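Q: First to last, the sequence lines map onto chains A and B.
First residue of the first sequence? That's 0 in numbering that gives the first Met the number 0, and the numbers climb one at a time after it.
First residue of the second sequence? That's 0 in numbering that gives the first Met the number 0, and the numbers climb one at a time after it.
Just so you know, the hints here were simulated from the structure itself, not pulled from any lab data.
Just to be clear, a hint being listed does not mean it is correct.
[What the hints assert, rightly or not] Pairwise CB distance ranges, derived in the manner of DEER restraints:
#, chain 1, residue 1, chain 2, residue 2, range
1, A, Ala427, B, Lys206, 54 to 64 angstroms
2, A, Val487, B, Thr22, 22 to 32 angstroms
3, B, Lys206, A, Val487, 41 to 51 angstroms
4, A, Leu505, B, Asp18, 20 to 30 angstroms
5, A, Glu607, B, Asp18, 47 to 57 angstroms
6, B, Arg209, A, Ala427, 50 to 60 angstroms
7, A, Arg41, B, Lys206, 48 to 58 angstroms
[Said to hold, decoys possible] A few chain A residues facing chain B, derived, Cβ under 10 angstroms:
#, residue
8, Arg455
9, Ala509
10, Pro514
11, Ala524
12, Ala530
None of the values given here were measured: they were computed from a predicted structure.
In this text, a Cβ means the ideal position worked out from N, Cα and C, and glycines have one as well.
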Amino acid sequence: MGAAAIVLVAGGFALGPHPGNLHNGLIAVSFTAVGLYVAGRRPGHREALLFVAVGAAHAVMFAGRQYGLHAGPLPGASWIGWFGIWPLPLVLVLVGAAVMCFPAGRLPSPGWRPVVAVLAAVGFVLSAVSALWPVEYARVGLVAGPPFRLAGFPAADAFYSVARPAGYLLFQLVWVACVVVRVRRARGDEARQLRWFLYAATVSAAVMVAGLAVWRSPLPGTLTAPLLAVAAGAAILRHRLYDIDPVINKSLVVGAMAAVVTVGYAVIVVGAGRLVDGHGTLLSLVATGVVAVAFQPVRERVQRLADRLVYGRRTTPYEALSRLSAHLTAPAGGLLDGICATVADAVGAREVVLWTGPADDLRAVAIWPPGTPLPGEHNPPDEPGTPGGPAVAPVVHDGRFQGALTVTRAPGETMSVAEQRVLGDLAAQAGLVLELRATAQRLVAAGDAARRRLERDLHDGAQQRLVTVAMELGAVVRLATTSGAAEVAERADGVRRQLLEATAELREMARGLHPAVLTQDGLEAAVGFLADRSALPVRLSLAVPRRLPAEVEATAYFVVSEGLTNAARHSGAATVTVEVTLDGAGLLVEVCDDGEGAAVVRAGSGLEGLADRLATLDARLTVESGPAGTRLRTVIPCG
Amino acid sequence: MLADDAVLFREGLARILTDVGFTVTGQARDGAELLGLVRADPPDVTVIDLRMPPGFSAEGIDTAAAIRREAPEVGLMLLSQYVEAHHALRLMTDFDGGVGYLLKDRVSDLAAFGADLRKVAHGQTVVDADLVARLVARRRERDPLTTLTGRERAVLALMAQGLSNAAVAADLHLAAKTVEAYVTSIFTKLGLVQHEREHRRVLAVLKFLRA
Numbered sequence: 000m001g002a003a004a005i006v007l008v009a010g011g012f013a014l015g016p017h018p019g020n021l022h023n024g025l026i027a028v029s030f031t032a033v034g035l036y037v038a039g040r041r042p043g044h045r046e047a048l049l050f051v052a053v054g055a056a057h058a059v060m061f062a063g064r065q066y067g068l069h070a071g072p073l074p075g076a077s078w079i080g081w082f083g084i085w086p087l088p089l090v091l092v093l094v095g096a097a098v099m100c101f102p103a104g105r106l107p108s109p110g111w112r113p114v115v116a117v118l119a120a121v122g123f124v125l126s127a128v129s130a131l132w133p134v135e136y137a138r139v140g141l142v143a144g145p146p147f148r149l150a151g152f153p154a155a156d157a158f159y160s161v162a163r164p165a166g167y168l169l170f171q172l173v174w175v176a177c178v179v180v181r182v183r184r185a186r187g188d189e190a191r192q193l194r195w196f197l198y199a200a201t202v203s204a205a206v207m208v209a210g211l212a213v214w215r216s217p218l219p220g221t222l223t224a225p226l227l228a229v230a231a232g233a234a235i236l237r238h239r240l241y242d243i244d245p246v247i248n249k250s251l252v253v254g255a256m257a258a259v260v261t262v263g264y265a266v267i268v269v270g271a272g273r274l275v276d277g278h279g280t281l282l283s284l285v286a287t288g289v290v291a292v293a294f295q296p297v298r299e300r301v302q303r304l305a306d307r308l309v310y311g312r313r314t315t316p317y318e319a320l321s322r323l324s325a326h327l328t329a330p331a332g333g334l335l336d337g338i339c340a341t342v343a344d345a346v347g348a349r350e351v352v353l354w355t356g357p358a359d360d361l362r363a364v365a366i367w368p369p370g371t372p373l374p375g376e377h378n379p380p381d382e383p384g385t386p387g388g389p390a391v392a393p394v395v396h397d398g399r400f401q402g403a404l405t406v407t408r409a410p411g412e413t414m415s416v417a418e419q420r421v422l423g424d425l426a427a428q429a430g431l432v433l434e435l436r437a438t439a440q441r442l443v444a445a446g447d448a449a450r451r452r453l454e455r456d457l458h459d460g461a462q463q464r465l466v467t468v469a470m471e472l473g474a475v476v477r478l479a480t481t482s483g484a485a486e487v488a489e490r491a492d493g494v495r496r497q498l499l500e501a502t503a504e505l506r507e508m509a510r511g512l513h514p515a516v517l518t519q520d521g522l523e524a525a526v527g528f529l530a531d532r533s534a535l536p537v538r539l540s541l542a543v544p545r546r547l548p549a550e551v552e553a554t555a556y557f558v559v560s561e562g563l564t565n566a567a568r569h570s571g572a573a574t575v576t577v578e579v580t581l582d583g584a585g586l587l588v589e590v591c592d593d594g595e596g597a598a599v600v601r602a603g604s605g606l607e608g609l610a611d612r613l614a615t616l617d618a619r620l621t622v623e624s625g626p627a628g629t630r631l632r633t634v635i636p637c638g
Numbered sequence: 000m001l002a003d004d005a006v007l008f009r010e011g012l013a014r015i016l017t018d019v020g021f022t023v024t025g026q027a028r029d030g031a032e033l034l035g036l037v038r039a040d041p042p043d044v045t046v047i048d049l050r051m052p053p054g055f056s057a058e059g060i061d062t063a064a065a066i067r068r069e070a071p072e073v074g075l076m077l078l079s080q081y082v083e084a085h086h087a088l089r090l091m092t093d094f095d096g097g098v099g100y101l102l103k104d105r106v107s108d109l110a111a112f113g114a115d116l117r118k119v120a121h122g123q124t125v126v127d128a129d130l131v132a133r134l135v136a137r138r139r140e141r142d143p144l145t146t147l148t149g150r151e152r153a154v155l156a157l158m159a160q161g162l163s164n165a166a167v168a169a170d171l172h173l174a175a176k177t178v179e180a181y182v183t184s185i186f187t188k189l190g191l192v193q194h195e196r197e198h199r200r201v202l203a204v205l206k207f208l209r210a
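Chain A extracted, bound-state conformation (with noise of 0.2 angstroms):
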């Protein structure tokens, strides 16, 4: 297809230059390279596919007429110039349903194809007329004649003369209205992929006003054609997407500037000009004074204008508010990212992202878009004001300092006084959830240190002496057998039993506490000590190569130990798989049983306290249970 096109276009332009015919080669070019170029990108893009067919109907176009407008007429120029006339009105169709199908290659609704269809029957009519009688002959100025005459052109001509305009005049307004009604709906990245291409519509048709208006030609217009396919084509491949606002918005301040200056500067020198007669010189000075003092408050309107055509009404304050308030209700975990869509939504934000801890070693706790990879570790963003940096706001909660939110925007634009407020509001609003996160981790960690203290008076006090009172009552059975009073010697010796069965209740309830050999020993020792002791066979995938922090290792611990406990007791189960993983993205605690499952976390179950404490990690614990097993999975972010 691309090399019949280009066969078609090179021989077409080898018969020699006809500006009046340039915008078909042009656009057969530009629209069949950058249909197939899409779609070879994005196989069976149907936008792609109709850009080509555009293309391919144009390259037909061009060599017909081409081979038509040569001078020295050519053997059978008759029918091959024909066919460069009259499938202009079905051509016409084709480049509408491309308009209107723009980007996707669909129309907006369903409700769209009558009107395509009748579109497709008026350009059938016209292209029927034109292929039948010589209608349009006249305007294409073609060296050959038609290949065949039929009686009644004088009543096809006067017919055409009429439905031409009006059917074009259709064609316009239905692609136009389609166009609004799309843009009106979209949303994001598509309201995005239409401002490249109705960029592209109105530089184009800029040019060709101006050539029209100086140069009186329409060439400079035309020679801009390829420009409406390459912008369309990337803005369907999302090709810096992200860039065309600021590029419009830039534009439109610039061209409005341009045209105040000039006209400005016009009116001062030629309209005052005439009264003051003889004071140029003067004049020209007054009026760039006049314009230089106008220029700033001017430019400022000016923009406020262009940001508000570009940009749209973004969520104003009371909206965002009330968004993150519906946010802060969702579950736990997905709070963070809330409030960094919130923020996302309300600046209109290309990337939020949510910091916490000391204002020299913050941490990125949540970002938006969603799925982004969080960034590394101890990264602190930007200071505030950093030329193309992200925009900072600190998060404050009575007066101590939470962390911060960075806004990064589009190259080039700017956050306006009241996105600033907005963001401020928010950033307030994070930190009453940050301070309330902080609160429950310091409460966890607060407790697993009461409980690491238990454990260590524990084994210091209570076990160490039993143990030692132990071996005194030893030294005694010792004494009580040399000495021959062996009844002494029982009972003391049964009494010393009794001690070391007190002695190994208490260890367990130590144990229970907080496990000596976790703090010890870290994660894998202590899961492997638990699958020990498991009362089901337990498969073990252990690969935790570094210790990691207290508060981490003690939840992976718990989760394991309750994710054991409760297939034992309640699943049935044959045999339990435990894996403790650690990767990039932080630690994959996962355990499966194979039993009946029954697990759900219920209201003061240990799996609700579980899920408590993860979340204060920002983990959430996931709870798959059914008749193949009960799998209980969290990953807990550790940097």
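Starting from the structure of chain A, add chain B where the hints point.
A: Same frame as chain A, but now just chain B:
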């Protein structure tokens, strides 16, 4: 020679060891102090608390390793309020005999503890019975231990504690020949390689039980 940060326990232990015929040549509060005492006058055997200052973690094992490097002949008996399989494996892997690992409770049975201590002093291996029982009782998929007879399991548990064939025979009131036959049968059934050295045998069994 003894090392424990709990004075009462250490003093008591020194006294009862003296009662059962040992000569306590030195007492230390932590690993560093013990190492100094060992350097000055190497004893036959040291009794070391696993969890000692400064970190209260597994300093005892580090101290044991240091002693083994400087005075390879000194027996090392580690005591702890918890016995952990991974510590036992490390002691069996890193030290080639002459080590013991017991729950602190064991010292109250003076005769047994004294015997264990002498074994360690003579280069043999001692592993706590509680730990071995826990590992033998451990649930496994397709458990190869189920192919063992009750007697074979009993022999395996004693082997894992570091007992020699003769000691196992004495413990179970069996003939030495009978125990040898059991041991061969156990190694065949579990697919383990027989080791001449008793210590290697303990390591193989512990590794198997932990796997």
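Q: Each of the hints needs a verdict: does it hold here or not?
A: Results of checking the hints against the structure:
no.	hint	verdict
1	A:Ala427 to B:Lys206: 54 to 64 angstroms	holds (59 angstroms)
2	A:Val487 to B:Thr22: 22 to 32 angstroms	holds (28 angstroms)
3	B:Lys206 to A:Val487: 41 to 51 angstroms	holds (45 angstroms)
4	A:Leu505 to B:Asp18: 20 to 30 angstroms	holds (27 angstroms)
5	A:Glu607 to B:Asp18: 47 to 57 angstroms	holds (55 angstroms)
6	B:Arg209 to A:Ala427: 50 to 60 angstroms	holds (55 angstroms)
7	A:Arg41 to B:Lys206: 48 to 58 angstroms	holds (57 angstroms)
8	Arg455	holds (7 angstroms)
9	Ala509	holds (8 angstroms)
10	Pro514	holds (8 angstroms)
11	Ala524	holds (5 angstroms)
12	Ala530	holds (8 angstroms)
In summary, the structure agrees with every hint in the numbered list given earlier.
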